[in-house]
Each structure stands twice: as C-alpha cells, then as structure tokens.
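Protein chains in written order, with numbering that gives the first Met the number 0: chain H, 0 to 371; chain W, 0 to 371.
Hints listed in this document are in silico derivations from the structure and should not be mistaken for laboratory results. Note that the structure is a prediction, hence the values are computed from the model and not measured. Possibly wrong hints are sitting among the right ones.
Pairs of lysine to aspartate or glutamate, EDC-like flavour, derived with a Cα cap of 20 angstroms [stated by the list, open to error]:
id, chain 1, residue 1, chain 2, residue 2
1, W, Lys55, H, Asp59
2, W, Lys55, H, Glu360
3, H, Lys291, H, Glu360
4, W, Lys52, H, Asp63
5, H, Lys158, H, Asp143
There are 2 protein chains.
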Amino acid sequence: MTEKSQSPRFTELVNSLPASVPFVGPETQERAQGRMFSARLGANENVFGSSPKVIKVIADAAMDTWKYSDPESVELRQALAEHHQISAQNIVIGEGIDGLLGYLVRLMVSPGDRVVTSLGAYPTFNYHVAGYGGELITVPYRGDFEDPEALIAMAQKEKPKLIYFVNPDNPMGTVHSADVVQALIDSVPDECLLILDEAYIECAPDGAAPAFDTNNPNVIRMRTFSKAYGMAGARVGYAIGQVELIRAFDKVRNHFGIPKISQMAALAALQDQEYLSQVVRQINDAKDEIAKIATENGLVPLASATNFVTLDCGGDGDYARRVVAELGALGVFVRMPFVPPQDRCIRISAGTPQDLALLAEVLPTALANAQG
Amino acid sequence: MTEKSQSPRFTELVNSLPASVPFVGPETQERAQGRMFSARLGANENVFGSSPKVIKVIADAAMDTWKYSDPESVELRQALAEHHQISAQNIVIGEGIDGLLGYLVRLMVSPGDRVVTSLGAYPTFNYHVAGYGGELITVPYRGDFEDPEALIAMAQKEKPKLIYFVNPDNPMGTVHSADVVQALIDSVPDECLLILDEAYIECAPDGAAPAFDTNNPNVIRMRTFSKAYGMAGARVGYAIGQVELIRAFDKVRNHFGIPKISQMAALAALQDQEYLSQVVRQINDAKDEIAKIATENGLVPLASATNFVTLDCGGDGDYARRVVAELGALGVFVRMPFVPPQDRCIRISAGTPQDLALLAEVLPTALANAQG
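Bound conformation, chain H alone:
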C-alpha cells in the first residue's frame, strides 16, 4: 500500500486496498532483463496457437473493427448454447474469466461479506474479493488437491456469499471426478453460490465435468477461450448459470466490452472442435515430455489434467523461487504457486518441441545454480 495512492477523494474501501497486481506479465520481466524470453511457458497459454480458421477469421474481420461489437454477443451465445445443449439465456460473455469474476463478486459481495476459497487458489479471484471489501476465508489443500468437503464444512460454518472451486485445479493441475464435483454442488448451502471455474476443462480427461443443470441457483460455471482454444489475447470467457443470475450481469457489466474480433474469433474456435481435439493431443504429448524432462532431473511431476505440469522441486518455496528465477535468466519463463506447501513446486505450461528442447537443455544448469 503506497501512501500516495490514498486520498480523501477515493472511497474508504479503495484507500484500504494495496496497489499490488495479481500477476506480473512476462513483458515486464523482459523489459527488466533487457531481452525476450526464448520459451514462454509461465502463463498457461496455448503455445500451439488457435485454429487456422480462427486466424483467418481475425484477418478477415480486421476491416470491420470500426464497428462496435454486439453488446449482447448473441451469435456467440447461441453457438455456445447449442454446443452445451443449454439455452443462450443461461450464458453471459465476459472479458475473460477474470472479468466475469469481477462482475460476479460485485453482484454478490458487500463489504464484510465472507467468501470461501482454497489457500493458494487463483489470486485474481482474491483480488476481486478484496476489491469489493469481502472477507476471504481459506481452507488448505488436501495433498495437492482442492478439498471439496473442507470447503463445504467451512461454508456451513461461515455462511459465505460465495465458494470458489477450480476443476481441474490451477496451480496444481490436479482434477476431481464429475461425481465429486456434483456432490460438492449438491452440498452448497442455500443462499450461497458455488463458482465452478473450469478454465482448463477442455484439457481434462472425460468424466471431470458434471452435466449442466441451469435450474440450479447454487452454482455458476465459468469457461474460457484463453486456454485450450488458444485465445488468451482475445479475452473471451463465459459463465453458465440460472437465468436470473445471468441476467443480473446486465446491471453491472461493460456492455460493449467484448471486442468484435474477439467474438468472431471465439465463434470460429468453437466451430472447429477437430482442431481443439488435435491441440489437446499436442498438449498431452508436451506434458509427457515435461514429465520426462523433470524426472530425468530429479523433479517429481504431478499428474495433470490441465495444459501445464506442476513439478515438485523437493525443497521449500525459496528454493522453487530460485529455480524459477534461474530458468528465467536462461530464457525460460515459468511461474510457481504462491503459498506453502504448494510453493515447493514450479509450474510449466505445455510447450512446443522447441520450447521443451530448451527446457531440457537449461534445466540442469538452473537447478545447479538454484542449489548452489
């Protein structure tokens, strides 16, 4: 918190907020280092890119960027509705899941309201909760998994407005089965809303996502085009929930906030499921290669249902932070979990063969430097 950003003109809540940001971009690190990373494996982007059909749609749509986008995103919502066999009324499009989380917290959380999440889960969600004055209550992971039963037990005790649960999990890459997730959904207390963040679901094996029930007022599910669909730079996420809840977003969202090109690109991406299947195979091959490289270097790869592999470095957080820094100095951008005990790990996104060849080349040096 900087004194300078406090002023009687800001709201009391804003004056209480730290000036920190949830994530530092790799570009910031590149500017500080004075050179670009050679492998960009820290933000769980899809290095294999989006479908060639998406790229063509963007190029073709460039001429139309003078037009405001459809503020209701009807074409995209209808296509998503068909894809998921639900109604477009149950879908709202947002500026990535990040944007949707912000709107949802704003809808639900007044200063002092409680919110339950896992200790070490997505910091951008925590950022929004703090930003609206919510009180964050955390439960620990169980092993390297989020703990649905502990989340529910805490919710029953604390009566929070929101529970946040990610499946498959970021930053650990672990996954719960649809049965476990459904049991969690079924246990959500009345007057409480479960956010089921499924940013990585397209990378998960079958059987990780429960069926949609858009009549259930106690769950909202969030999906994105940023991960498996390879469109992180386009900022298109969507939320699925009961119609009254989805409609409430219209009270607070930036109605013209989703660029026209992004909407058209998302539509094209959705329509190319063949490419999605192919890219998920490439991601899986890359994850196998990361696990192999890790094992050869004495690190323990966690089983992953996402587009990244979390590697247990076998030390403490300081050690893992040194590994991240050394890899960065050698041109490989990676990130790591923020809090113990998960911060014994580093997190490496599925890369191209070239990216992973570089990883294999520099990892021994990075580990030696981190140890020494």
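Starting from the known structure of chain H, fit chain W onto it as the hints suggest.
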C-alpha cells in the same frame, strides 16, 4: 426493475438497480426487424474504417492471439506519452472510455456520494454512477451546449466527488473553446475531480483542447480509439491524469483486459497520423453533405465538432422518435438524444457517399411517414 433479478444473495445496491442497459445495439434491432440496416449511422462509428496499416497489423497479429497481452500496455502508453508530450505514468489504458468511466466511478463514488453532469449527457456514465450507488445531480444544457458555469455553480453547492463534462459534446455535437474548458478546469472545487471526456476531440477544429497539465489533481481527461481512429470494435480508450490518480486504477482494473490485438492496432493507428488527418477530412465532407440533405428536407443541422451531425427536427421528442423509427424501417440506423429539449433532434453519424445517398433517398419518406 424486474422482481426476478432481486435476491437476498445480491447486494442491496444491486437489488436496487434497474435491469436496463445504456444502449441497445443495432444488431438487436436488426434481429427484431429480421434484416440488416443498409446504412449504419447511429453509433458514431467511423464508417471510413481504420488505417490500412491498422488492418494489416491486426491480420499479422492474428497468429499471436494465443498470448496474453501486456497487462501494463507499456508500448502503447509510451507511444501515447510521446504523442501528447507527457509521461507514460500519467496514462492508463482501458476497455474503451466506457470501461475507464466504470473504474473511475468505482474509485471515487461510495453510495450516496454526489456526481454532477448535464441533463441528457452520456447515459453510460450515468449507468456507472447508479451502479456504484452515486447520486446524480444534473444541470440543463444552455441552448445546445453543455454549460460549464452552471456545472461549477452546482458543484460549489453540492460538493460532488465528480463533475462530468464532454467536449466536443455528445449528443449535440457542439464544442467549447480551449479557453472556456481551461476556465472550467481552473474552477473545479478542491476535493472534486472533473472528468473531461474528449472522445471526439480528434474531429474538432484546432483550439478545442487545453494544454495537458498532468500536475493538476482536479482533472482527468479521457480519449478513445473508437471514434476518429475508427476502432470502436477494438475497445481501447485511455485516461490522462495526475500520476497518483492514474496509479489507483491498478487497484481495481481488469489487468489483462485489453486484448493483445487491440493494443497493437491502437499503436499502429496512433502512428498513422496522416490517415487520421485524411479521415477527418472525409468526416467533414460527410457532415457537410448531411447538413445539405437535412436543409433540403426542412431540418436544421447544428454546427458539429464531432463525427456526427445533430439535426433539429422542429417538433417534440415523440416526433423525433418517429423519424428515427421510420429511418430504421427504411434501412438507416440513427439514434437521438434521450431527454428534452435535446430530444427534438436526431443524430446522424458521418457516412460514406453511399450511406448518404440512401439517407437522401429515404429521408423525405421517413419525414412524411413521421408526420402522417
């Protein structure tokens, strides 16, 4: 306000908000009519499009849309800083001026705080003020101009957090000189912030924008790539202000919210000032043609410093609304001011020669139908 969107789970403030949206998109009207508009002259877009260099940058950048954008938008902010001869620290990029207005209101306005604006000014600003529980206090236009002296007098009386002032004005198209605007800036009471919305400034004649003074804590200026730069669909706006105020946006904004392609497109647009000059000439020619068509049909064009012409239809709001509806039915999308007495007018964006030929063709019928 619909009962269905009220729930004990939403915040009290959200339950009090109407479900309405600031603007209905032309796509919504097209879906209702079952056909596309032939001329899209209602949203003050730049029908001449963005620079060919922008279009090329977008097409070239399509392949990189898998990458998250730089959350600090450093390249774009540095280019803007150079362009305006200020520091990048004084600039924040947002999801259009709409997005920036939302963040700014959130930073400054607690429930019950007062905000002063002109009666009939930008409804999306009002939407954000209501959305954070602010109390909107309005002063009437003087003639067809916003009234700086009345805004200041009201601010002195009501001690608002914010004053909102648009120059050149939307929806009337009128402009105040830099001297008048500077006098307004100099009169802002302490502990109050003037928002100077200059969305249309690139279309205005020289002498409408005061010099930047980024040491002044009492003014924040907003600009956009949506109007003269022809990039409404890309959602890139920026705000210029004192460094402490600009830095505060980092406490609440969606840090990864500006698409990578949009940032690159805005940079390319800024670097093609020659195209901007050329397109402003095209806009001016189109405004002359709109004025001519209007005059030939007995409507009175207001002098415009924007990319649209506001036409006095000489009747009341109901009559103007009928003219808008009749033009729409004949394939020409236009909009009009929302409140009396400005709602005696309709507002027509600068169009291509083809757009305006259609306008000339259908306007007599539209007026006859509206009268009859």
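For this session: Please work out if lysine 55/W and glutamate 360/H have their alpha carbons no farther apart than 20 angstroms.
Result: violated (37 angstroms)
For this session: Below or equal to 20 angstroms on CA atoms is what counts here, so check lysine 291/H against glutamate 360/H.
Result: holds (13 angstroms)
Exercise. Are the Cα positions of lysine 52/W and aspartate 63/H separated by 20 angstroms at most?
Worked result: It holds: about 14 angstroms lies between the C-alpha atoms, which stays within 20 angstroms.
For this session: Assess, step by step, whether the Cα of lysine 158/H is no farther than 20 angstroms from the Cα of aspartate 143/H, and give holds or violated.
Result: violated (26 angstroms)
For this session: Given the hint that lysine 55/W pairs with aspartate 59/H, test it: the Cα-Cα distance must not exceed 20 angstroms.
Result: Between lysine 55/W and aspartate 59/H the Cα gap is close to 10 angstroms, so the pair holds against 20 angstroms.
Checked against the numbered hints above, the structure violates hints 2, 5; every other hint is satisfied.
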